[in-house]
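Novice: So the chains spell out like this:
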Amino acid sequence: MTLKEIAEILNAALITDSEYPDINIQNACSADMMSAVLYYHTPNSLLITGLTQPHVIRTAEIAGIKTIVFVLNKKPDDSTIELARQKNIPLLSTPCCMYTASGRLYQAGLPGCLNK
Amino acid sequence: MALNISGAIEGSFQLIGGNFATAGEASTQLKLKLTNLGVHEDIIRRAAIATFEAEMNVIIYAAAGRLHYYITQQSIKIRVEDMGPGIEDISLAMQEGYSTAPEWVREMGWGAGMGLPNMKKNSDKFSIDSVVGEGTTVEMVINFS
Amino acid sequence: MKLSELVEKLALDVKTFKDGLQIEIKGAYVSDLLSDVMANAGKCDIWITLQTHLNIVAVASMKGLAGIIIVGNRPVQEEVLKKAEEEKIAILTTPKPAFEVAGKIYQMLK
Numbered sequence: 001m002t003l004k005e006i007a008e009i010l011n012a013a014l015i016t017d018s019e020y021p022d023i024n025i026q027n028a029c030s031a032d033m034m035s036a037v038l039y040y041h042t043p044n045s046l047l048i049t050g051l052t053q054p055h056v057i058r059t060a061e062i063a064g065i066k067t068i069v070f071v072l073n074k075k076p077d078d079s080t081i082e083l084a085r086q087k088n089i090p091l092l093s094t095p096c097c098m099y100t101a102s103g104r105l106y107q108a109g110l111p112g113c114l115n116k
Numbered sequence: 001m002a003l004n005i006s007g008a009i010e011g012s013f014q015l016i017g018g019n020f021a022t023a024g025e026a027s028t029q030l031k032l033k034l035t036n037l038g039v040h041e042d043i044i045r046r047a048a049i050a051t052f053e054a055e056m057n058v059i060i061y062a063a064a065g066r067l068h069y070y071i072t073q074q075s076i077k078i079r080v081e082d083m084g085p086g087i088e089d090i091s092l093a094m095q096e097g098y099s100t101a102p103e104w105v106r107e108m109g110w111g112a113g114m115g116l117p118n119m120k121k122n123s124d125k126f127s128i129d130s131v132v133g134e135g136t137t138v139e140m141v142i143n144f145s
Numbered sequence: 001m002k003l004s005e006l007v008e009k010l011a012l013d014v015k016t017f018k019d020g021l022q023i024e025i026k027g028a029y030v031s032d033l034l035s036d037v038m039a040n041a042g043k044c045d046i047w048i049t050l051q052t053h054l055n056i057v058a059v060a061s062m063k064g065l066a067g068i069i070i071v072g073n074r075p076v077q078e079e080v081l082k083k084a085e086e087e088k089i090a091i092l093t094t095p096k097p098a099f100e101v102a103g104k105i106y107q108m109l110k
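From first to last, the protein sequence lines stand for chains W, H and R. The first sequence runs 1 to 116 under this note's numbering. The second sequence runs 1 to 145 under this note's numbering. The third sequence runs 1 to 110 under this note's numbering.
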C-alpha cells in the first residue's frame, strides 16, 4: 500500500514532506508501547501511535519502521519533525483514533505485523 | 561475509538519565557504525534493539551511565553500566510484563516490562549484574555468524 | 454485539469474569496509555491494549468498559487477574497484535 493511499484512507495530512515519498508499506503495527514496537516489528511496517516525542522516531528507526501515523490529530513539535526528516521517516497525522485507523487500513487489505 | 574490521574497534557513549530528547542517539550511532562495517542487516537490527533497550533503561531509571562497545570480526560486545537504583530481584525483572516504571514513564510508552526480555531475546549472550543502591551492568554479545 | 460473540469469533482466552460475557459492546478503543483511555474511551467500549499494569482494571472500571483484550501474547500478572475478578472486569487475551484485533472488530461492528 502506498503512502498516498494510506493518507486517503485515513484523511491524514503529511507533516514532513510536501509530496508523498514513494514507499510501499506491507504491514502495520498499532502501539504506544515502544518496546512492543521493537518486539513485534517486521520490515516495511507502518506504525500507528498516539505518542509524538522524538524517542518514537528513534524507536521507529531502530525497528526499521518506514512511516508513522499519529492518531487523534496529534502533531509533533518541530524537533520531532526535524528528526524524522533526518531519518527519512515520513510522518502523517490523522483525525481517526487508533481503533478506526487500524480498522480502516485492515479493511483496505493491510495486514498486521506478524507476531514473532 | 567479509567485514571491514581489522583487530578490534571500540568506543563508548556517555548516557544521561532523564534525557528523553536525545534518548536513543547512542544506539543510532552504533547502528550506523555497524552498517558502515558491512554487518548483515538482521544482525544490526538485533544489536540495535538490544542496545536501544539498554540505553532507554539508563535514561528512564538511572542518573547516568556509559555504553561501551567492542567490535571484532566475529561479534559485537555491548556493556552498559549505570549509576542507578539497582535491581532488587533480577529473576523477577527478567519476567516479561514485570516493571517498576512509574506512571509518567508508562505514559511515554516505556515500562511495559519488555526491556530486559527484549535485550536477552536479541543477544547470543546476555548477563546482568546489579547492586541495589549502586547500579546495574548489562553485558550482551551478538555474533556476526 | 455481545462480548461472548467476540470471544468466539476471535478465539479469545477468557481470563477473568466469565459471567460478564453477555454485555453488549458499543464500540472499541485501542491504546496503551491509561490517560488516553480515561480521556477518550466510551462506556461499553472493548479496550484493546498491550498494557498489563494493574491500573488497567481501575481504568476499565471507572470508564465502564465492556472488557479488556490484552494482545500480543502478553503475560498478565496474577495480581492483575485477581483485581479484575474482584472488580468484575473481563480480561481476554490473544496472541494476535492490536492492529489485527482492531481490524477484525471494526469489520464486525460496522
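If you are wondering where the hints come from, they were derived from the structure by calculation, not from laboratory data. None of the values given here were measured: they were computed from a predicted structure. Take the hints with a grain of salt, since some may be wrong.
Unchecked claim - Cβ pair distances, simulated, as ranges: (1) E24(R) to H68(H): 37 to 45 Å; (2) N44(W) to Q95(H): 26 to 34 Å; (3) N88(W) to Y70(H): 28 to 36 Å; (4) T35(H) to K4(W): 24 to 32 Å; (5) E19(W) to E103(H): 51 to 59 Å; (6) H68(H) to E5(W): 29 to 37 Å; (7) G17(H) to E86(R): 35 to 43 Å; (8) P21(W) to M1(R): 35 to 43 Å; (9) G109(W) to M1(R): 53 to 61 Å; (10) N44(W) to E86(R): 16 to 24 Å.
Stated by the list, open to error - Simulated pairs of lysine to any residue, SDA-like, Cα-Cα distance not exceeding 25 Å: (11) K110(R) to V76(R); (12) K63(R) to G11(H); (13) K9(R) to I23(W); (14) K77(H) to L3(H).
Said to hold, decoys possible - If the Cβ cut is set under 8 Å, some of the chain W residues that face chain H in the computed set are: (15) A13; (16) D17; (17) E19; (18) Y20; (19) I23; (20) S35; (21) L38; (22) L51; (23) T52; (24) H55; (25) V56; (26) I62; (27) P111; (28) L114.
The beta carbon of each residue, even a glycine, is placed where N, CA and C say it ideally should be.
Novice: Identify every previously stated hint that the structure contradicts and give their numbers, smallest first.
Specialist: The structure conflicts with hints 1, 5, 6, 9, 10, 11, 12, 13, 15, 16, 17, 18, 19, 23, 27 and 28, although it agrees with all the remaining ones.
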